[in-house]
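Enquirer: Residue strings, one per chain:
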Amino acid sequence: MSVGFRAVQWNRHKLVYDGVLVAAIALYLALFLMAGPRLFPAHPPVTWEILRIRAFGSLAALMLVAILAIGPAARLDRRALPLLYNRRHLGVATGLVALIHAWLVLGWYHSNGKLPGPVSVLASSAHWSSLTGFPFELPGILALAILLVMAATSHDFWLALLGPPRWKAIHMAVYLAFALVLAHLALGELQSERSPLLPALMLLALGGLTALHLAAAARERSVDRGSAPVDGLVDIGRPETIPEGRARIIVPAGGERIAVFRHGGRLSAVSNLCGHQNGPLGEGRIIDGCITCPWHGFQFRPEDGCAPPPFTDRIATYRLVRQGDRVLVDPAALPAGTRVEPLAIAP
Amino acid sequence: MRRAHRRWHLLAWAILPVALGVLILAALALRPAPLPVEVRAP
Chain A
0 MSVGFRAVQW NRHKLVYDGV LVAAIALYLA LFLMAGPRLF PAHPPVTWEI
50 LRIRAFGSLA ALMLVAILAI GPAARLDRRA LPLLYNRRHL GVATGLVALI
100 HAWLVLGWYH SNGKLPGPVS VLASSAHWSS LTGFPFELPG ILALAILLVM
150 AATSHDFWLA LLGPPRWKAI HMAVYLAFAL VLAHLALGEL QSERSPLLPA
200 LMLLALGGLT ALHLAAAARE RSVDRGSAPV DGLVDIGRPE TIPEGRARII
250 VPAGGERIAV FRHGGRLSAV SNLCGHQNGP LGEGRIIDGC ITCPWHGFQF
300 RPEDGCAPPP FTDRIATYRL VRQGDRVLVD PAALPAGTRV EPLAIAP
Chain B
0 MRRAHRRWHL LAWAILPVAL GVLILAALAL RPAPLPVEVR AP
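In order, the protein sequences belong to chains A and B.
Counting from 0, one number per residue, gives the positions in the first sequence under numbering that gives the first Met the number 0.
Counting from 0, one number per residue, gives the positions in the second sequence under numbering that gives the first Met the number 0.
In case anyone wonders, no lab produced these hints; they're calculated from the structure.
Be aware that a few hints might be false.
Claimed, not checked - Straight-line C-alpha distance at most 20 angstroms; calculated SDA-like pairs for lysine to any residue:
1. Lys167/A to His4/B
2. Lys167/A to Arg6/B
3. Lys167/A to Leu10/B
4. Lys167/A to Leu9/B
5. Lys167/A to Trp7/B
6. Lys167/A to Ala11/B
7. Lys167/A to Arg1/B
Predicted, not measured: the structure shown is a model, and the values here were computed from it.
Isolated chain A, as found in the complex (with noise of 0.2 angstroms):
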């Protein structure tokens, strides 16, 4: 949401949100590798320069399960929120942690050789038939173009640039950077690591993940059950009961959602989808006059959906009617930006 080109908006959420990720990198780092030779007991001992290898590729496989992590908390519980607020910022530091990563193995295995490098990683011990001798390393690679690629679109340039279908579809890319990541995990460092922790670890992360996002999905479903329009209208209740400031969300069966918001005794309707990234409108609430998604802080005004001058974003808005001391919505969406007088709660 801006009139000009700005690389990063700054605010203070923004630098304290980077300030704490910056020292989390760090201590984690610093940690892994004061304990390293403990955790690796091997016979030789684990160099410096692999222990260095291996702290950076743990940590980007954290990040990467904390990315995951964080939308479904986020709508299983609204504490999370502000850990979603800078989610892209985590992203791109995951990507430069796994690059880090990458840069390490190239120059402590793959510089001595006839080979460049990036050629020598896929030749030098490549049994494609074979799942324990599998080049381990092609899955990092490809997980590292996908973070590299999500990271160099994350910018709302191209959000603009490309739309929110394409670029969503872009970044859930993540979600195949996640398992190509557990597979270069399993068919390499578990094949040489004997302790239990490696892998209780990510079966450990794997689980916890599936668990939060089925757990998130199972709510998404029961508010989706939604209500079959009578006379082509859907009853959103008694207006009284909705709190001033904050929505109702509406679900036409089979549609999409309806968020009736409340705003100086009065009603509208607008599509529940934010214009920005498809967050939840229907969660945020009323600031200075405007409807404020709960994801990124984009605003609209609830009575024509446009965001407030100079920004030019709009989302659908809907009709209310009213029928005794109950309102309805009309779920046929006019055209984003279409003003509609606001009900007024009190007939």
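Knowing the structure of chain A, use the given hints to seat chain B on it.
Expert: Structure of chain B alone, referenced to chain A:
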């Protein structure tokens, strides 16, 4: 999140854990025995 996106999301999390769980367990079961360690006197 759009309704269609939510469906894809659920499908992904139904397939991912099964496929990756099988991969991890297979990689664990098939890993080669550790090489014998040669210990030399200093």
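Enquirer: Is Lys167/A within 20 angstroms of Leu9/B, Cα to Cα?
Expert: OK: Lys167/A and Leu9/B at ~16 angstroms, within 20 angstroms.
Enquirer: Holds or violated: Lys167/A with Trp7/B, Cα cutoff 20 angstroms?
Expert: This hinted pair holds, its Cα atoms lying about 12 angstroms apart.
Enquirer: Assess, step by step, whether the Cα of Lys167/A is no farther than 20 angstroms from the Cα of Arg6/B, and give holds or violated.
Expert: 14 angstroms, holds
Enquirer: Check whether the Cα positions of Lys167/A and Arg1/B lie no farther apart than 20 angstroms.
Expert: 11 angstroms, holds
Enquirer: Mind checking the alpha carbons of Lys167/A and His4/B for me, to see if they're no more than 20 angstroms apart?
Expert: Cα-Cα ~9 angstroms, so holds.
Enquirer: When you check the alpha-carbon spacing of Lys167/A and Ala11/B, does it fall within 20 angstroms?
Expert: It holds: about 15 angstroms lies between the C-alpha atoms, which stays within 20 angstroms.
Enquirer: Would the pair Lys167/A and Leu10/B pass a check requiring their Cα atoms to be no farther apart than 20 angstroms?
Expert: Status holds; Cα separation ~16 angstroms.
Violated hints for the displayed structure: none, as all numbered hints are satisfied.
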